[in-house]
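Asks: So the chains spell out like this:
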Amino acid sequence: MTAEQIIFFLTAALILISALMVVTTRNLVHAALWLIATLFGAAVLFATLEASFLAVVQIVVYIGAISILFIFAVMLTRRNLLDKVSQTNAGWPWAAGIAIAAFAGLVFLAGQMHNAGAQKGEVFGDPLMALSTALVSPDAYVLAFEVASIMLLAALVGAVYIANRK
Amino acid sequence: MEFLTDPIKVVYDWLLELFLGWGWADWVAVLVIYLLGIVLFISAVMVLDILLVWVERKVVARFQDRLGPNRVGPFGLFQPFPDIIKLILKEDIIPEGADRVVFNLAPILSLASVIFLWAVVPLASRIYGVDLNVALLYIVAAGAIGTLSIIMAGWASNNKYALLGAYRMVANMISYEIPMVVALLIPTVIVGSMSFVAITEAQSDYWFVLVSPLGALIFLIAAIAELGRSPFDLNEGESEIVSGYHIEYSGMKFGLFYAGELLHAFTFGGFVAALFFGGWHGPWAQEYPLLGAFYFVVKAMIGYWVIMWVKYTVPRIRIDHMLAFNWKFLTPLAFILLMVTALTHRVLLDAPTWLYISGMFLSNVLLAWITVEVLRAQARRKRESVPPVMVGD
Amino acid sequence: MVPLSWYIFLSAALFSIGLYGVLARKNAIAILLGVELMLNAANINLVSFWRYGNTALMGGQVFSIIVFAVAAAEVAVGLALVIAIYRTRKTVVADELDLMKW
Numbered sequence: 001m002t003a004e005q006i007i008f009f010l011t012a013a014l015i016l017i018s019a020l021m022v023v024t025t026r027n028l029v030h031a032a033l034w035l036i037a038t039l040f041g042a043a044v045l046f047a048t049l050e051a052s053f054l055a056v057v058q059i060v061v062y063i064g065a066i067s068i069l070f071i072f073a074v075m076l077t078r079r080n081l082l083d084k085v086s087q088t089n090a091g092w093p094w095a096a097g098i099a100i101a102a103f104a105g106l107v108f109l110a111g112q113m114h115n116a117g118a119q120k121g122e123v124f125g126d127p128l129m130a131l132s133t134a135l136v137s138p139d140a141y142v143l144a145f146e147v148a149s150i151m152l153l154a155a156l157v158g159a160v161y162i163a164n165r166k
Numbered sequence: 001m002e003f004l005t006d007p008i009k010v011v012y013d014w015l016l017e018l019f020l021g022w023g024w025a026d027w028v029a030v031l032v033i034y035l036l037g038i039v040l041f042i043s044a045v046m047v048l049d050i051l052l053v054w055v056e057r058k059v060v061a062r063f064q065d066r067l068g069p070n071r072v073g074p075f076g077l078f079q080p081f082p083d084i085i086k087l088i089l090k091e092d093i094i095p096e097g098a099d100r101v102v103f104n105l106a107p108i109l110s111l112a113s114v115i116f117l118w119a120v121v122p123l124a125s126r127i128y129g130v131d132l133n134v135a136l137l138y139i140v141a142a143g144a145i146g147t148l149s150i151i152m153a154g155w156a157s158n159n160k161y162a163l164l165g166a167y168r169m170v171a172n173m174i175s176y177e178i179p180m181v182v183a184l185l186i187p188t189v190i191v192g193s194m195s196f197v198a199i200t201e202a203q204s205d206y207w208f209v210l211v212s213p214l215g216a217l218i219f220l221i222a223a224i225a226e227l228g229r230s231p232f233d234l235n236e237g238e239s240e241i242v243s244g245y246h247i248e249y250s251g252m253k254f255g256l257f258y259a260g261e262l263l264h265a266f267t268f269g270g271f272v273a274a275l276f277f278g279g280w281h282g283p284w285a286q287e288y289p290l291l292g293a294f295y296f297v298v299k300a301m302i303g304y305w306v307i308m309w310v311k312y313t314v315p316r317i318r319i320d321h322m323l324a325f326n327w328k329f330l331t332p333l334a335f336i337l338l339m340v341t342a343l344t345h346r347v348l349l350d351a352p353t354w355l356y357i358s359g360m361f362l363s364n365v366l367l368a369w370i371t372v373e374v375l376r377a378q379a380r381r382k383r384e385s386v387p388p389v390m391v392g393d
Numbered sequence: 001m002v003p004l005s006w007y008i009f010l011s012a013a014l015f016s017i018g019l020y021g022v023l024a025r026k027n028a029i030a031i032l033l034g035v036e037l038m039l040n041a042a043n044i045n046l047v048s049f050w051r052y053g054n055t056a057l058m059g060g061q062v063f064s065i066i067v068f069a070v071a072a073a074e075v076a077v078g079l080a081l082v083i084a085i086y087r088t089r090k091t092v093v094a095d096e097l098d099l100m101k102w
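Residue numbers (our numbering), protein chains in the order written: chain Y, 1 to 166; chain W, 1 to 393; chain E, 1 to 102.
Here chain Y stands alone, though its shape is the one from the complex (with noise of 0.2 Å):
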């Protein structure tokens, strides 16, 4: 049991029982708590990948304004402050048997796969100074990048159209 192993338990722990605690908790600003919570673990997660600035990315966009505008929508969304209806609706025995059959199809594929014993290599150069030349460098994703960032605009020009008060 090396310290690497350990720490991957604990994470992938803390994401699995936060995601259960997310889809059956009752009480909705709960579910958007604990989804924070499995977004940290995803963060550590990507940490111990060498995927620092995703990491840190993940802290600032996801909990720091996904998580934020997910707890206002909800506490936008409700009549009266203490909800404690049943949250799911009647065909969630199907929803838990389609869920199963997801996991355990992806289960045999993964199996499938010759290198999925591998384990890890060297990291090559800096992955930082990469990332950044691989986002806006001719011959790499410049133009993903690109379409991402038009994507956002028409995003935000949508939020606020939609959401507003005629």
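Possibly wrong hints are sitting among the right ones.
[Claimed, not checked] In silico lysine to any residue, SDA-like type, Cα no more than 20 Å apart, as pairs:
no., chain 1, residue 1, chain 2, residue 2
1, E, Lys90, Y, Asn164
2, E, Lys26, Y, Tyr161
3, W, Lys9, W, Gln286
4, E, Lys26, Y, His30
5, Y, Lys120, E, Ala56
6, E, Lys26, Y, Val157
7, W, Lys160, Y, Leu20
8, W, Lys328, W, Glu373
9, E, Lys26, Y, Trp94
10, E, Lys90, Y, Phe72
11, W, Lys328, Y, Leu152
12, E, Lys26, Y, Ala95
13, W, Lys58, W, Gly255
14, E, Lys26, Y, Arg26
15, Y, Lys120, E, Pro3
16, E, Lys90, Y, Pro93
17, W, Lys160, Y, Leu69
18, E, Lys26, Y, Leu20
19, W, Lys160, Y, Leu152
20, W, Lys328, Y, Val157
21, W, Lys328, Y, Tyr161
22, Y, Lys120, E, Gly59
23, Y, Lys120, E, Trp6
24, E, Lys26, Y, Leu152
25, E, Lys26, Y, Thr24
26, Y, Lys120, E, Val2
27, E, Lys26, Y, Asn164
[Unchecked claim] Across the chosen pairs, the derived CB separations fall in these ranges:
no., chain 1, residue 1, chain 2, residue 2, range
28, W, Lys328, E, Phe9, 45 to 51 Å
29, W, Arg318, E, Ala94, 52 to 58 Å
30, Y, Gly158, W, Leu51, 48 to 54 Å
31, W, Glu17, Y, Met151, 56 to 62 Å
32, Y, Val123, W, Gln378, 49 to 55 Å
33, E, Leu57, W, Arg380, 52 to 58 Å
34, Y, Leu16, E, Leu99, 35 to 41 Å
35, W, Arg318, Y, Arg165, 16 to 22 Å
36, Y, Leu156, E, Leu57, 30 to 36 Å
37, E, Glu96, Y, Val157, 28 to 34 Å
It is worth saying that the hints were derived from the structure and are not from the lab. Heads up, the beta-carbon is just placed ideally off N, CA and C, and yes, glycines get one too.
With chain Y fixed as given, assemble chains W and E onto it according to the hints.
Replies: Quick look at chains W and E alone, frame taken from chain Y:
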């Protein structure tokens, strides 16, 4: 003598020898040393926080032309201790219908998010927590956790005013994150790295405030707004919203919020000092790190004093003015400044130092002058569109 | 040592939990929470494949950043829609939003 030139390494080696001599395994000794280091660092930061309570009360008193605490100890230096004892002895009230776990977690997260920041601050050339290569973005991330703690506090209090105060505060904080990130990008562009240690070391020849004064100003304004301090403190003004999300907190939980706010202000004073005013640089700071740490604390105190000066001089700004100021003025200005800085830096890349500094400084001055002219033209247009009122018409 | 298969199991489990959340919850916002879980599962998968494969190829991390952007945009527009619907219909239960126009 080697302790004076590299204190951390000397202490680390001595402790490692001690623990290995006691027969501990290698990784246990290293782990215990790291934990000891963390505990010591946080204790030093919290002791500084206690001192800051005294500094705050004395300075606000002097700004308001009175003396401040002067009974307990010489110059009232021991005043924070009666304050803390009073807060600890107060009754711990949890309002009815409040969410207990979230209610208790919020002040802890609020103080924790400030202590996280101290992990990356370079106190001296060889004294810092960790040299992250994404340190500036880590600072923004720790601020995001602080934002989260505020909305947790507001919601868990089961109180309309607390919720309203929390909404305003969070809208304020996430809006002003954008000019802060862009202002943090300016030293990144100049140095070419997001590492805090690298940025502070790159200021050995000249301070970055000479190269980008407008960037320092934008960072200072955005930092004051992030802190939630006056003039941006509509969310916790006692006369407006009955101290916002703090309302339902009593005793030491309120003490945690208050101490966290003061420490946050001092930390941002330290950031302004480290990013733009040379950090730990000074005479003989390169060889003697402890002297560098002293310079850094002095500069951080000066930055903190500037933040307090702004707080106790300028009146409060209304919430819609606050947000309009951010989105319509500060964010476009920050982006234009970033583009101008990047362009000028690229053009003057190989120029001699004096030409580089004067070129960047002049570009900043030009941008500031153009901004003032645009604002004057707008104000003139607005004045002329309102017809003058004639008396006796 | 942690083999790649553990990361794949983790992201598959997270994805299925998100799928259950999307299919079994009533509240429209809870459905969006499930979608967030699925996007995070995809992100974990992408980054672990980047790390365990050729770390000189930046495609994994760039794709992950684009997924961040897409998730942010989708949450913004989705929650704006939910709030707009709440204003007229006074409910966000997905079963009750069953008219194409009212």
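Asks: Confirm or reject each hint.
Replies: Here is what the structure says about each hint:
no.	hint	verdict
1	Lys90/E to Asn164/Y	holds, 16 Å
2	Lys26/E to Tyr161/Y	violated, 26 Å
3	Lys9/W to Gln286/W	holds, 16 Å
4	Lys26/E to His30/Y	holds, 16 Å
5	Lys120/Y to Ala56/E	holds, 13 Å
6	Lys26/E to Val157/Y	violated, 28 Å
7	Lys160/W to Leu20/Y	violated, 31 Å
8	Lys328/W to Glu373/W	holds, 16 Å
9	Lys26/E to Trp94/Y	holds, 14 Å
10	Lys90/E to Phe72/Y	holds, 16 Å
11	Lys328/W to Leu152/Y	holds, 19 Å
12	Lys26/E to Ala95/Y	holds, 12 Å
13	Lys58/W to Gly255/W	holds, 18 Å
14	Lys26/E to Arg26/Y	holds, 11 Å
15	Lys120/Y to Pro3/E	holds, 7 Å
16	Lys90/E to Pro93/Y	violated, 28 Å
17	Lys160/W to Leu69/Y	holds, 19 Å
18	Lys26/E to Leu20/Y	holds, 16 Å
19	Lys160/W to Leu152/Y	violated, 33 Å
20	Lys328/W to Val157/Y	holds, 16 Å
21	Lys328/W to Tyr161/Y	holds, 18 Å
22	Lys120/Y to Gly59/E	holds, 17 Å
23	Lys120/Y to Trp6/E	holds, 12 Å
24	Lys26/E to Leu152/Y	violated, 28 Å
25	Lys26/E to Thr24/Y	holds, 11 Å
26	Lys120/Y to Val2/E	holds, 8 Å
27	Lys26/E to Asn164/Y	violated, 25 Å
28	Lys328/W to Phe9/E: 45 to 51 Å	holds, 49 Å
29	Arg318/W to Ala94/E: 52 to 58 Å	violated, 39 Å
30	Gly158/Y to Leu51/W: 48 to 54 Å	holds, 50 Å
31	Glu17/W to Met151/Y: 56 to 62 Å	holds, 58 Å
32	Val123/Y to Gln378/W: 49 to 55 Å	holds, 52 Å
33	Leu57/E to Arg380/W: 52 to 58 Å	holds, 56 Å
34	Leu16/Y to Leu99/E: 35 to 41 Å	holds, 38 Å
35	Arg318/W to Arg165/Y: 16 to 22 Å	holds, 20 Å
36	Leu156/Y to Leu57/E: 30 to 36 Å	holds, 31 Å
37	Glu96/E to Val157/Y: 28 to 34 Å	holds, 29 Å
In this structure, the earlier hints numbered 2, 6, 7, 16, 19, 24, 27 and 29 are contradicted, and the remaining ones agree with it.
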